[in-house]
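Engineer: Below, each chain spelled out in residue letters.
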Amino acid sequence: MGSDVILVIVVCTALAFDFTNGFHDTANVVATSISTRAVPPRVAVGFASVLNFVGAFLSLQVAATIASGIVDAAVITPTIVFAGLVGAISWNLITWYFGLPSSSSHALIGGIVGATLVAAGTDAVLGDGLVSKVLIPALIAPVLAFGVAGLAILVAYRTVGRLRPGPVNRGFRLGQLLSGGLLALAHGTNDAQKTMGVITLALVANGNISGNDVHVPTWVVIASASAIALGTYSGGWRIIRTMGMRIIKMDPAQGFSAQSAGASVILAASHFGYPLSTTHVISGGVMGAGAAKRLSAVRWGVAGNIVLAWVLTIPAAGAIGAAIYGLTRAFGTGALGPGVISVVILFLGAATFARRVQRGPAASPTEA
Amino acid sequence: MALAAKLIDTNALLNVVWTSLVAGVGGTAAFSFAIVGATRFVDMRRSGHAVEAWMFAALGALGLAICLGAIAFGIYEIVNK
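Residue numbers (numbering that gives the first Met the number 0), protein chains in the order written: chain A, 0 to 367; chain B, 0 to 80.
One chain only, chain B, in its complex shape (with noise of 0.2 Å):
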């Protein structure tokens, strides 16, 4: 168990799990609602309903804003490092 604590980094290799979890789970979340509101935007607004083809729009802009704001992240994070 001590041999095992000296050579693992638990704490490095904890926080590697949940963030690499939360950004790659979250970031294919946030893409696949992208996706959603800017498909469902398009079908909305062909059926004539504006104010649902407004709010999947919303969704949409927002998903992506999320990725985009996780690539800026990760290029901050490069350039940073």
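With the rest of the complex left out, here is chain A (with noise of 0.2 Å):
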């Protein structure tokens, strides 16, 4: 019964998760169309929530993975999990306020690596899988982007720079809803794998699904696809803003090559099974874009604050799933900690909503 509990306890936090990760995650397939005018934004959150949807029931094959060979599996537990999920939620929260792009991905692996170490000792996490897996992997991911899209947008220049404005900027806007479709699916489909993952991990670890049958079952891809749509939905407006006219002010040219960058980049890191993160991509990618055309395009104040966040997230999220993982034991091992901190969390998370109700929206749709 008190396993039942946690495992129910597990599944609704790593959907609510999922929320936030598409909430949150939404700039980085939106900002570019909407700050060049390609589409209006609330169409562009609705196409990317649709695709986001449609690309979480494409592939199955990467769910199941997510912390594999950055902590020992063995160590694993239903509470560990949640406590990460919550390390997680709370650093996307936070830096949704403050309206920077980081990677939920990573958010979620410094939650679990913060509880792991809390729970296990040092020996439970595994040092090189952490650097080779996550930190290399965000070294590399925007500077790969900034050069390609810093590459394609002269090119593009080049080839179109004896036209009249008007046409090229049409083809280039009607170019961004090809390139914008084809980020949004493969967000849908890496992000939303992740929370099929953890759910499905937590129906192994709780005996509903056998260890020698691991399977994803319908409900979950089901219930995670539709948490990352109504996430995506939501629209992060805040991080919306920044990523599409805080760093650079972008014309469609640049849009349509920072998205082209962007899904060329995390199409062939999928391919050859490297990760990297699509934030870190897309973010280097509309730096490369306007940094090309002129250094001085960059806002480097935004893009310092956007890599600080970066470097932060993990160890963020660490503090606060060992935090989280800490607080869980002082209710012993069963149901109560895990209940108890929701309890508190979805109260906190209601008086938030309704002083954000009696001031209004803090950005709108229009002003993203």
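Think of the hints as simulated: they come from the structure by calculation, not from any bench.
Keep in mind it's a predicted model, so treat the numbers as computed, not measured.
Treat each hint with caution, since some may be false.
One-sided excerpt, in silico: chain A residues whose CB lies under 10 Å from chain B [said to hold, decoys possible]:
1. ARG169
2. ASN189
3. PRO216
4. VAL220
5. ALA252
6. PHE255
7. ALA267
8. HIS270
9. LEU275
10. GLY348
11. ALA350
C-beta atoms are modelled at their ideal positions from N, C-alpha and C, and glycine is treated no differently.
Once you've looked at the hints, go ahead and assemble the two chains, each given alone in its own frame, into the complex.
Structural biologist: This is the structure:
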């Protein structure tokens, strides 16, 4: 009974993380399309939401790989997963509040690493895996996307430079529907599977699915796809504004180049099994498309804040995950700890939402 | 050096770099040619240069076909990952 209660709490928390993932990462997919006026904001977010939902059904091959090779799988318990998820959700909400695009995958990994450190000590964290699967790709992703987007925009300007701006801008805006759509599909496939993996692991740990026949149940696929699509549709307007307008003021050719470079890097990395963060890739692409036109076009102060958020993501989510695990264990090993923490989080969330409703929206779609 | 080799999958990384460059820069170039082709086709037809107009139409169609092919390949990659 107690383990079933923990399972339900972990599933609900994983879906809440999935919602914040969609909500937080909407900007990766739609910011450039919105800022170049290729698509109206609400339509862009609705389009991304539908493609995220569809993308979640396209492939289940990488589900259940989150945090594998980074922490010792034998020590993972539902309570560690719960604490890690709360750490990731908290960091997603903090960075959303400051309008900073940061990696939801890194937040989840950081949360689970932090909780594992407190639960099982340093031996349970695989340092080599953390460096090779997370830290080195985090350095490579933005630099590669920066270079590809920079070269792409130079080629585009060279090719269309003598044409009238009107048809060129209309053409690239049309192209952004295609490049943005591909990004949304790739994002839905990659990110919804993290949640599917977490829920499936919890079901295996609880004995609901046999360890010899691990598969993702249909209800998990539908619930994860729905949560990320709903989160995407809610639209993290603060981050959309940062990505679309505060780093650089983009023209349609730059928007298309940034999205094409982003989609190319993500799909190439996926094909060769190299794990890169969607957020890092798209942010690097946006900066590259801006810097290639003119270095001073990039607001380097904003870019610096984004990089700082990336550096802080794993330690900060880890610290929150560790603290939540410690708090949870203060109530014993049963379901009481996760239950109490969940009720407190729901109460804080409801109070914050009520204050927001009283004050009105902080950033509307039309401002983004 | 040995530590770096252990931590970095150099082969996968180099493959990611060149594939991203070809797809990202090539895709943008192909779409740019599609725009050049479509715009010049309209201009040439208006000015009565039918042969040149259809050559630009072919260039635009080829650029667009390359882009649509790249997108189809991208979806194939997502589905078969």
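Engineer: Each of the hints needs a verdict: does it hold here or not?
Structural biologist: Checked hints:
no., hint, result
1, ARG169, "holds, 9 Å"
2, ASN189, "holds, 9 Å"
3, PRO216, "violated, 20 Å"
4, VAL220, "violated, 14 Å"
5, ALA252, "holds, 8 Å"
6, PHE255, "holds, 7 Å"
7, ALA267, "holds, 4 Å"
8, HIS270, "holds, 6 Å"
9, LEU275, "holds, 8 Å"
10, GLY348, "violated, 33 Å"
11, ALA350, "violated, 40 Å"
Hints 3, 4, 10, 11, counting from the list given before, are not met by this structure.
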